[in-house]
Each structure stands twice: as C-alpha cells, then as structure tokens.
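Residue strings, one per chain:
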Amino acid sequence: MSTIPADLRYASTHEWARLETDGTVTVGITDHAQEALGDIVFLELPALDSNLSAGQPIGVVESVKAASDIHAPISGTVIAVNDGLTEVPEGVNTHPYQSWFYRLQPSNPSELQQLLDADGYQAIC
Amino acid sequence: MGLRTPLYDMHLALGAKMVDFNGWDMPLHYGSQVEEHHHVRKECGVFDISHMSIFDIQGTQTQAFLQHLLSNDVALLDAIGRAQHSLLLNEQGGIIDDAMVFRTDSGYRLVSNALTRERVQLWLEQHAKNFACSVRWRNDLCLFSIQGPLARQRLASILSSSRANLIQTLEHHDAVIDGDWLISCTGYTGEDGIEIMLPAKQAIDFINELVGAGIAPIGIGARDTLRLEAGFNLYGFDTNEQVSPLTANMGELICWHPESRDFIGRNALQVQRDNGITEKLVGLVLEERGVLRAGQPVRINDQITGVITSGSFSPTLGKAIALARVPMDTGDRGEVEIRHKWFPVRIVKPRFVRDGKILI
Chain A
1 MSTIPADLRY ASTHEWARLE TDGTVTVGIT DHAQEALGDI VFLELPALDS
51 NLSAGQPIGV VESVKAASDI HAPISGTVIA VNDGLTEVPE GVNTHPYQSW
101 FYRLQPSNPS ELQQLLDADG YQAIC
Chain B
126 MGLRTPLYDM HLALGAKMVD FNGWDMPLHY GSQVEEHHHV RKECGVFDIS
176 HMSIFDIQGT QTQAFLQHLL SNDVALLDAI GRAQHSLLLN EQGGIIDDAM
226 VFRTDSGYRL VSNALTRERV QLWLEQHAKN FACSVRWRND LCLFSIQGPL
276 ARQRLASILS SSRANLIQTL EHHDAVIDGD WLISCTGYTG EDGIEIMLPA
326 KQAIDFINEL VGAGIAPIGI GARDTLRLEA GFNLYGFDTN EQVSPLTANM
376 GELICWHPES RDFIGRNALQ VQRDNGITEK LVGLVLEERG VLRAGQPVRI
426 NDQITGVITS GSFSPTLGKA IALARVPMDT GDRGEVEIRH KWFPVRIVKP
476 RFVRDGKILI
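Residue numbers (this note's numbering), protein chains in the order written: chain A, 1 to 125; chain B, 126 to 485.
No lab work stands behind these hints: they were computed from the structure. One thing to keep in mind: the hints can contain errors.
Chain B residues, not near chain A, derived (Cβ > 10 Å throughout) [stated by the list, open to error]:
hint, residue
1, Ala204
2, Arg244
3, Arg288
4, Ala325
5, Phe331
6, Glu334
7, Ala393
Okay, the calculated beta carbon distance ranges per label pair [as the list claims (entries may be wrong)]:
hint, chain 1, residue 1, chain 2, residue 2, range
8, A, Gln98, B, Ile283, 40 to 46 Å
9, B, Glu366, A, Asp7, 53 to 59 Å
10, A, Glu90, B, Asp305, 40 to 46 Å
11, B, Pro274, A, Ala66, 26 to 32 Å
12, B, Arg207, A, Val88, 46 to 52 Å
13, A, Gln113, B, Val336, 45 to 51 Å
14, B, Asp399, A, Ala67, 39 to 45 Å
15, A, Asp7, B, Asn147, 40 to 46 Å
16, A, Ala80, B, Glu412, 25 to 31 Å
17, A, Pro57, B, Gly127, 27 to 33 Å
18, B, Gln183, A, Ala67, 44 to 50 Å
19, B, Pro274, A, Ala80, 41 to 47 Å
20, A, Thr21, B, Ser282, 54 to 60 Å
21, B, Gly127, A, Ala123, 25 to 31 Å
This structure is a prediction, so every number in the text was calculated from the model and none was measured. Glycine residues also receive a C-beta, built at the ideal position from the N, C-alpha and C atoms.
The following block holds chain B by itself, in its conformation from the complex (with noise of 0.2 Å):
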C-alpha cells in the first residue's frame, strides 16, 4: 500500500482507477484519460495534488535563507500573496527540484513535487540550521488544483460571495489568503486555474462540492498530458540533478540580480554560461500515427544526438508529442526510433497548446 491522500476514498467512490505514482496511490483516471483532458480543456476540472509537498518558512530571516536557497528571488514578491515559480539547485547548478513560492503573512510557502519530498525537507531543514528561521511539513493541508476555461466561473458558484469576488479578479501568480484557505492563480495545464489549499479536514465536503458544481475530477494521466501540451517540463523525466536549468527552458527562474546574491548553484550556471550551452529542451511534433515515449533516441542530421524526456499522445492534436534535450544548432526536423524504425519528426518550441489553441 502506498502512501494516501486524505481524498482516497473519495476517488474511489468516484470510480477511479488507481496507480502508484511516486509512492502515492493516486487516480489515473475515473473513466477515460481523454475525455478527461479534453473536460479540462474546453470546461473544467478538479485534480487531487494533495501529494504534492507544501512546506511553511517563518523565522525572522526567512528572504534572506530563501535568497541563498532558490534560483529566482523571492524579494521579488512584494506583497502578501504574490507568487513565483522557482528552483532548488545543488552546487553543481542541477535541479533538486521546482517549487511554486509564496510569500504570507508570516513567511513563505514552498509547494513542491512529490517525488522529491523527502531529499527537499533534508535539503531545506540543513540550510535552515544558518538562518533564524524554521521549516514545516504541512501535511495537515489539501490541494487542489481546479483547471480550465469555466474553472473560475463554477467555482465562484460554490464560495462565500466575498471569496467568489476575490478568485475573480485574482492575476496569474497571484494569490490571497483568507483564513485557512490559500487560493491562487496558478496551475499545470496551460488553462486558466485556480489552485486552493485548505485544512485536510475540510478537503472531502469542498471536493464534493466541486463535483457537485458540476467540475469533474481528472486523475494524473490527463495532468501529465494536459503539462506535456502545455511545455511545462516534469521533474524526474525532463528535470533532474545532472539537468541545468540553461538546458531545460528554465532560465527565467534564475535572478542573477543584484549579482551579490549568492544562491547555491550560481558559481556553476555562471560557468555554464561562460563556457556556452551547448544543450536545449525542444518540441516534437510525430507527423505519422505511433506514440513517442521518453527515453527514445533523436537523430539529428544522421547522428544520433538526443533523447526524448518525456512524450506522449496528444489528445488536442490528436498526434504523439514529446519534449526532447537535443543540440543547441538543431534544425526543425529530426528523426526518432519507435521499436528499431525510424520516424521524421517536425522540431518546435515547447509549448503545443495554450488557453485551449493549438500553438504549433
């Protein structure tokens, strides 16, 4: 038995089909993984993240401790509520992991990846041991993650009318604490979203609620090809700890201003840059019917020179896509083997489909 969240029997009440996805028995699915993505995608639906890890920072130097942790600065976040994506890196400039970061009322929140749960916590408590501040595992919360065009629209339909108003005006990266409640504006499918942790408590009479409300639950198939559409990389298959940032589209979450701040990884990624990037994350586009997988060869040019992170089919295209680490001069066309044959395939930007329009 893995590890639950405290919606398990909710998900199979709900007809889920479960699996072991980093230890945690989540849903795949409650019926079809496509008709869930395209649920998301033209309506709205609901995703259990509950697994994901939420940790609380406080103390009384909690910037300048998250200033030496993260890749991007959190004295960027100027108000209460503000929000920005982030990264862990070790000394080499590899990527510990990725994190959303909010700042609160009496800190900072980092919510970050399941998989990586339990080396983020080691990693944060021993930096923590150098700055007046403390760290919190909050299991006691909930998230959910309500996505796609009428998410705000179906939600508001359930809430207080103060927090309808407040999820209606709320930015992309935006958040609000009200309570015990935080809601923001983010999310992992490239849809419009709001995303809500709550006390555990609360999570199975909201999501009842939800479904209620007409918001359909997805399970973690459709998240992974709703952020595979999107571009959004996913760690321990396009991210890991030998992967830079400079090679996986993630070099807008490094500050490197002012250039007195010394987080970890900085002396490296500067090495990197000096020295050239000679790697870069791409878009595959497989113009013939088959489905691309990660870890399948790319042959640029007659050589074999890259691999595919991760792929999938593409229920908005109805093709197979992937996200691939290839050679920084790579053209737009390559060729990849499925089951010792090969395959053209076309190169694109990262980012197949967003806001429900196809992008390539």
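Pulled out of the complex, with its shape left as it was, chain A reads as follows (with noise of 0.2 Å):
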C-alpha cells in the first residue's frame, strides 16, 4: 500500500506537485512510481531555467529493471534542480517525497487545479 499524502496534487503519470508559500511549485514522483520501478539507479532531470509544458517528457528515471519518462504536471519555468539526488538516486525509493526533482516557476499557475488530488490520484494506483 503506497502513501498518498493529502496536502500535495498529482499528475496521472504518477509525479506529485506541491504548492509551496511563495507561488513556486516542487516536482518529484510518488510513492507508487517508485515502488513500481523498484530500485532507482539514474536521474535525468530537466535543466535550470528551461520552459516545460504541463504532459511533456522532460526527464527520465531508470530502474536496474527499465526507463521510464518523467513528465512535467503543469507548465512553467524550472528555478532549481535537485541535482545532489542525481549523486543518491536510491533515495527516490527511500523518501519519494522529500527526494525532490526540480522546482518551478509556473506559467500558468490555474493547472495546479486541474492535477488530481489525494483520493483521485488513490483511485488510479
């Protein structure tokens, strides 16, 4: 049973976004992708200051077993990049949700409202 924590909102491809005080939002993926890649061994993550539009693949995440895109939830500029976890990738599997990917600017923030929340995201996993 994965954990879902109420305060964030997900995308259907399975990355948790969340709202933080100052307007920006922080990226990472959750519980159930995780635990579905099992053990997380490569991080390619987006680059500082690119543009991404909410669905697009924008990085990727291998497993010892696969690759899997990443996709951006919602659409804005990228403002930081959690580039020490490219150095400690298992730690995806560890904390999903503190071992986040990247922080954005949105562009345009009402999307936030459109990814699932909490039960919606338990009702596709």
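Two independent chains are provided; combine them into the complex using the hints.
This is the structure:
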C-alpha cells in the first residue's frame, strides 16, 4: 500500500506537485511510482531555466529494471534542480516525497487545480 | 495467468513482486533487487529456478544420441555425477539452447532454459527416434540454486550429516545423486554455490528450512544482474538460433575431438572457423551515470558496427555494464547511444565480477 499525502497534487503520470508559500511548485515522483519502478539508479532531470509544458516528457528515471519518462505536471520555468539527488538516486525509493526533482515558477498556476487530489490519485493507483 | 512453479504461493507469502518471465509467473524481487544482489555476493541466497526445463535421457544409446546432439562431448563425463555445460546447435551452427548435462546412474539429465522448453523437447524427441533412447520432461521436480560465499555452510546446517559432508567436498561442475536428490556444484552468479533438484512434493518444506537457516530468497531480477556481472550469456538476449557460439564466448563448449564425432552444427562451425570469425562478444563499462540496455547501438571508430545484447546497472561496480557484439578487431574504446546522445564506454573482457571480486 503506497503513501499518498493529502497536501499534494498528482499527475496521472505519477508525479507529485507541491505548491510552496512563495507560489513556486516543487515536483517529484510518487511512492507508487518508485515502488513500481524498483531500485532507482539514474535520474535525468530538466535543465535550469528550461521552459516546460504540462504533460511534456522532460526527464528520465531509470531503475535496474527499466527506463521511464517523467512528465511535467504543469507548465513553467525550472528555477531549481536537485542535482544532489542525481548522486544518490536510491533516495527516491526510500523518501519519495522528500526527494524533490526540480522546482518550477508556474506559467499558468490554474493548471495546478486540474491535477488530481489525493483521493483522485488513489483511484488510479 | 502464467505457468507457476510449486513455490508460487510461497513466493507471495515471502512478499515477492511477481512478473511474467517467459510465460512463467516468477518473483522479480522480494523488496529490493539491489539488496538481494549484494546479499548473494556477500552472504548467500536461494533462487527458485524450477521453471527451468529438466529432461532425463535413458536407454541403451544415450551416449551416442547426445554425442550427436550436443556440442560438448558427454563421453568426457567419466563418472556418475560429472556435469558439463553444453550447447544444442541447429544445422547452421546457431544456438537452440545451452544446457547443463549431468551423467546419472541411468543415463543423462539435461537442464535447459524455460524460454525454449517446447523447442528443445521437440528437438530432443525428434532426434531420439534414431537412437534406442527416450526423453522425459521432469516437471515433477523442483530446482533450487543456493548461491554465495556462505551457501555451503548455511546449507550444511539444515542437511543430514551425510548430505552436509557431500556438499562440503563437491568441486565445480561435480554432482552427486543421493536418493531422489541431485546435488551439484553449479550456478549462474559467479559465486560458489550448490544446486539441488528434488521432488516437487518436498520443495515447500525444503525452502522453509532454507529461509529459516538465513538463506534469503532472491528474485530473477538479481539473478540477471548477477549473471551479467559474471559475464554469463542469457539465452534469447546474448544468444539465439542466429548466433554462433564462436561469436558468443562459447567456443569452449565445443569439443572438436575426435574429428569423427559428427554433432549437429559441426560442419557449419568448421566453415565459420575456416573463413575466420568476424565478431566477438565483449564487455562494456559506462564511466558516466546512465544505464546500458539491450538494443543500444555501439559505435567503434565513428562507425555503428556493434549492438548491446544485454545490459543493466551493476550493483557491485555501481556503474552500468553490458555485453555487446562488436567487430573482431575492436579495441578498448567505443561509444553507446542512449536516448540520442553518445556516451564513451570502456571495452573489457566480458567478466566483470567473480567470487565477490571486481575483475575490471
């Protein structure tokens, strides 16, 4: 049974998004995603300052088993990348909601409301 | 629903994540593939490999039959219990399967891959018609592979003292038949280990004892990364019916003497040898972060002339490694294309880790 925190929003492609108090949005992948992938050994994250469109494949997570695309849950500009995480990608397995991938300045904050809430995400897991 | 070994419910009870593997529902891992991998290298673990195909060959012409069918010469198995690795080849010299061959008290036993079971069974039965011998698929048996530096010690703690003594003295590729058990010093991980074939009805009790003795269950995920580090080919990836053993590091499984032994595929292999072998299977190491995967193209001297046949992340090295088929004159550097970008790779002997030690 995977953990789905109530204070986050979720993309159907298994990314979580957290609205910060300064209006930026932090993104990672869900507990369900890390569990399905198995031991994660490699992350390819979007570049700083890149402009992402909602739903666009913008990086890759590789487990021992397979490679999977990660998608931008909402549109925006990348203002921070968790480069430290690429050195210890297994952290995504142990702490999926602390292991943030990148932070966005949303270009259309209303997109956040179109993402799933915890109940909605639970229904597709 | 796929095929299931008699241990299916036991795998679920042990917390396995089950996946389809060549038509079989098998445990991928029981929590973490990487931890299971390290556990086999440092301590020991047990694999349920009862999905593999076990055939018993009996009759008065079993030796002549297998001398015709197999690349290695069963006449070299000079005592009951001796084992050898061998190949079933087609007429073109392509690999139908590889198999462990054991000499038993009543003939020979072959253990081949799950993927090819129907193909191999048909091939054996078709050719057995020309000899006084019979082929029996032993799906009434289970097969456990107990691997790792502590395999013998932990296994001995739950066996009768006579069986414990037997396994302490077994040498590589030797086996003993003890009642309805066949116990061999064989494996697919590059570590010391023991494999046991036993009646399926004893299997659940036995694995309970193994786990109770601190021998952790290991899934097929770690089985793949362990064999890749050891440089063992995986049938269907590194070898198949279009691949010659001479381009797959399997030349040592061909016994050319005596010249009069007319095994299937011999003529084709002889022609290949006479014409010169143009490809080889090598090891690749990616020094940067990333993962090598089967099918990725390999560029040597700016020409795409090779391909990865199997690849993954090596838990022991902490880097991606692969087996790749490349031209024979390839040196020690190349590049691999991962998601439209080219990454430099080191080309090494396809043997990355053995007995817990890094070799590259």
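Right, here's what the structure says about each hint:
1. Ala204: About 41 Å separates Ala204 (chain B) from the closest Cβ of chain A, which puts it past 10 Å; holds.
2. Arg244: holds (27 Å)
3. Arg288: Non-interface label on Arg288 (chain B) holds, nearest chain A Cβ at 35 Å vs cutoff 10 Å.
4. Ala325: holds (29 Å)
5. Phe331: holds (28 Å)
6. Glu334: Non-interface label on Glu334 (chain B) holds, nearest chain A Cβ at 28 Å vs cutoff 10 Å.
7. Ala393: Holds, because the least Cβ-Cβ distance between Ala393 (chain B) and chain A comes to about 36 Å, which exceeds 10 Å.
8. A:Gln98 - B:Ile283: 40 to 46 Å: At roughly 42 Å between Cβ atoms, Ile283 (chain B) and Gln98 (chain A) fall inside 40 to 46 Å, so the hint holds.
9. B:Glu366 - A:Asp7: 53 to 59 Å: holds (56 Å)
10. A:Glu90 - B:Asp305: 40 to 46 Å: 43 Å Cβ-Cβ, so the 40 to 46 Å window holds.
11. B:Pro274 - A:Ala66: 26 to 32 Å: holds (30 Å)
12. B:Arg207 - A:Val88: 46 to 52 Å: holds (48 Å)
13. A:Gln113 - B:Val336: 45 to 51 Å: Since the Cβ atoms of Gln113 (chain A) and Val336 (chain B) sit about 50 Å apart, the hinted range of 45 to 51 Å holds.
14. B:Asp399 - A:Ala67: 39 to 45 Å: holds (42 Å)
15. A:Asp7 - B:Asn147: 40 to 46 Å: holds (44 Å)
16. A:Ala80 - B:Glu412: 25 to 31 Å: holds (28 Å)
17. A:Pro57 - B:Gly127: 27 to 33 Å: The hinted range 27 to 33 Å holds for Pro57 (chain A) and Gly127 (chain B), with Cβ atoms some 31 Å apart.
18. B:Gln183 - A:Ala67: 44 to 50 Å: Taking Cβ atoms as reference, Gln183 (chain B) and Ala67 (chain A) lie about 47 Å apart, which means the hint holds.
19. B:Pro274 - A:Ala80: 41 to 47 Å: holds (45 Å)
20. A:Thr21 - B:Ser282: 54 to 60 Å: Holds - the Cβ-Cβ distance for Thr21 (chain A) and Ser282 (chain B), about 59 Å, lies within 54 to 60 Å.
21. B:Gly127 - A:Ala123: 25 to 31 Å: holds (28 Å)
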